[in-house]
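Order-wise, the sequence lines are chains V and H.
Residue 61 in the working numbering sits at position 61 of the first sequence, and the numbers go up by one each step.
Residue 333 in the working numbering sits at position 333 of the second sequence, and the numbers go up by one each step.
It cannot be assumed that every hint is accurate.
[As the list claims (entries may be wrong)] 16 Å max Cα-Cα, derived EDC-like pairs, lysine to aspartate or glutamate:
1) H:Lys-38 / H:Asp-196
2) V:Lys-165 / H:Asp-96
3) V:Lys-162 / H:Asp-109
4) V:Lys-63 / H:Asp-115
Read the hints as simulated data drawn from the structure, not as lab findings.
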Amino acid sequence: MVVPEVTITHLNRADGSATYTHNGYSIIGAVNGPIEVLRRDEMPEEATIEVNVRPAVGVGSPKERHLETLLHNTLRSIILTRTIPRTLVQITLQIKSLPEEESSTGINTSLTILPHLLHTAFLALLSASIPLLTTLTSTLIALPSTSTPLLSPTANELLRAKPIKSMHVFAFSGDGRLLLNESDGAFSFEEWEEACDMAEQVCCKEVDEGGVRLGGGDMEVDGVENSQNLERWLRGVGRSKVEWEQRWKSGT
Amino acid sequence: MATASLQQQPPSLTFPRPIFAAVSPHPFLQAHLSANKKIPVRANGRSAYEFRRSGINTGSLTHANGSAVVRLGNTSVVCGVRAEILMEEDVPGTNDFPPPRTDGEDEEDDTQEIDTLRLIVPNIELSTGSTPSHIPGNAPSTFQQSLITRIRSLLLSTRLLRAADLRILYKPSSNPEDPDEEPETIVKAYWVLYIDVFFISIDGSEFDAAFLSILAALRDTRLPYAYFDEEYEGILCSDAPSEAKRLRLRGLPIPSTFAVFEGKSEDAGEQDFEWVLSDPDAFEEGVCRESVCVVVDGSRGDVVVRRIEKSGGGVVGREHLRGVVGMAGKRWSEVEKALSGSG
Numbered sequence: 001m002v003v004p005e006v007t008i009t010h011l012n013r014a015d016g017s018a019t020y021t022h023n024g025y026s027i028i029g030a031v032n033g034p035i036e037v038l039r040r041d042e043m044p045e046e047a048t049i050e051v052n053v054r055p056a057v058g059v060g061s062p063k064e065r066h067l068e069t070l071l072h073n074t075l076r077s078i079i080l081t082r083t084i085p086r087t088l089v090q091i092t093l094q095i096k097s098l099p100e101e102e103s104s105t106g107i108n109t110s111l112t113i114l115p116h117l118l119h120t121a122f123l124a125l126l127s128a129s130i131p132l133l134t135t136l137t138s139t140l141i142a143l144p145s146t147s148t149p150l151l152s153p154t155a156n157e158l159l160r161a162k163p164i165k166s167m168h169v170f171a172f173s174g175d176g177r178l179l180l181n182e183s184d185g186a187f188s189f190e191e192w193e194e195a196c197d198m199a200e201q202v203c204c205k206e207v208d209e210g211g212v213r214l215g216g217g218d219m220e221v222d223g224v225e226n227s228q229n230l231e232r233w234l235r236g237v238g239r240s241k242v243e244w245e246q247r248w249k250s251g252t
Numbered sequence: 001m002a003t004a005s006l007q008q009q010p011p012s013l014t015f016p017r018p019i020f021a022a023v024s025p026h027p028f029l030q031a032h033l034s035a036n037k038k039i040p041v042r043a044n045g046r047s048a049y050e051f052r053r054s055g056i057n058t059g060s061l062t063h064a065n066g067s068a069v070v071r072l073g074n075t076s077v078v079c080g081v082r083a084e085i086l087m088e089e090d091v092p093g094t095n096d097f098p099p100p101r102t103d104g105e106d107e108e109d110d111t112q113e114i115d116t117l118r119l120i121v122p123n124i125e126l127s128t129g130s131t132p133s134h135i136p137g138n139a140p141s142t143f144q145q146s147l148i149t150r151i152r153s154l155l156l157s158t159r160l161l162r163a164a165d166l167r168i169l170y171k172p173s174s175n176p177e178d179p180d181e182e183p184e185t186i187v188k189a190y191w192v193l194y195i196d197v198f199f200i201s202i203d204g205s206e207f208d209a210a211f212l213s214i215l216a217a218l219r220d221t222r223l224p225y226a227y228f229d230e231e232y233e234g235i236l237c238s239d240a241p242s243e244a245k246r247l248r249l250r251g252l253p254i255p256s257t258f259a260v261f262e263g264k265s266e267d268a269g270e271q272d273f274e275w276v277l278s279d280p281d282a283f284e285e286g287v288c289r290e291s292v293c294v295v296v297d298g299s300r301g302d303v304v305v306r307r308i309e310k311s312g313g314g315v316v317g318r319e320h321l322r323g324v325v326g327m328a329g330k331r332w333s334e335v336e337k338a339l340s341g342s343g
């Protein structure tokens, strides 16, 4: 599995932003907040969250609305909405590019993009310094009917592994709770558990518990060397950004 | 004098039940659930794992090819299936789908054909006053669009419909290229199924109700025998009801929705507690953040999970989900009985 590439806080007008590139998917995320909320949407005790997903081509369709609903529900559970009541947190995610084989895999495309959207939204929230309860990591698992399970497969790998029996998206919080799960296909509960174990390992297991190693030596991202799991990778992204911003302070 | 007597009596400090529910819905439900520690009873009188009985009626609409009315408590929904003909020559572009298999259609991979030609067109409409959050006259809300995406992708991923049922085939009487050879059977047109779901009232678990009504309506659908007439050079339908065919559905995937209610403890030291409520009503959905939807199919013996959707919180982990899948499996047989009883 290749480590995602991330640039944080590169848009100077938005409060927070992140560009995320992984497996041919590229997404720009921007967060504005806390800002003034429309009277109609205002909630007395918590912040309103608005998620906009814009597709790479054309205008938004019902599929994007569904993704927005999923993202909204998930992000609402990790943003500390009660600390910033009567405000609005606006999250805009623009899909920049999709892998070429995306449409020919014959797989529900909202599942394959969901982990990437979640990561982008989370990193943009982090960059906007929105109060958060925990971190969020997410991954995609494909169970083909003939070969071994695929971890975060690229569109090309999915095309070659056809027919796919079931697809699973998992998202875990920093303390290892299952925040989101979307599974599709035909599978037994045991197969689901197997996929869940695999996702948990890559998302949040510590190294000594047998975490899966990500990336090779040549896959360095922002100076992060061989991050062992997505949780580490996420922390590495944050750390390198802070180190860069404080280079004068720490250098003198 | 009247004002004086009012002032003497201090205002009562207890609320009647509906006011308690409206003013503070969360403590209201928690008070109900924690009143009996062993068997938690919800505000609507059901126990935590109790589903509402599903009432299913089919064949109620005269002008639809198939129809059903489904009730789950106060959620009531009407579904009508209308079949129309799509001519092969009207399909834009060239498509090459895997050729129809002659040995067994059960395993045929026809999802792509149904998906790209859009042979299933589901649509959702909310009637005025079906739910307080729906404002009539506006464009379809996020709620509607999200629901329709879920229904469409479930119809496609469960491979419920067979493309073979929807193709209108034609075998020419003689081969135009070589009169001696056997003519080839070609696809002249397709049946397109317009599935319209109309919510009369919504009281929670709208996905379950909508999908159940679609299943019942599809099981009820009869397509007239359609053929290509050589002299007329178009598709004609036979008007004999005996020649009409039913759709052969693959399996019977039935969704079950659960909501997770997180209680708040009064003292900080006390452990938080949560309840998984099956088939939530609108009031419960309003106070619950996390929801789980499991689609299972037990028509081939073992219970196979066809879909799990879970979002909104981190309470339901592996152990909870095992129980939830078990409950969905039990519910499958109940609903299956109700479905076969209706037709």
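Hint by hint, here is what the structure shows:
1. A hinted pair counts as satisfied when its Cα atoms are at most 16 Å apart, and Lys-38 of chain H with Asp-196 of chain H does not qualify at roughly 43 Å.
2. At roughly 23 Å between alpha-carbon atoms, Lys-165 of chain V and Asp-96 of chain H are farther apart than 16 Å, so this suggested pair is violated.
3. Between Lys-162 of chain V and Asp-109 of chain H the CA atoms are separated by roughly 11 Å; this keeps the pair inside 16 Å, and the hint holds.
4. Of the supplied pair hints, the one linking Lys-63 of chain V and Asp-115 of chain H holds, its CA atoms being roughly 14 Å apart against a limit of 16 Å.
Hint compliance for this structure: hints 1 and 2 are not met, and every other hint is.
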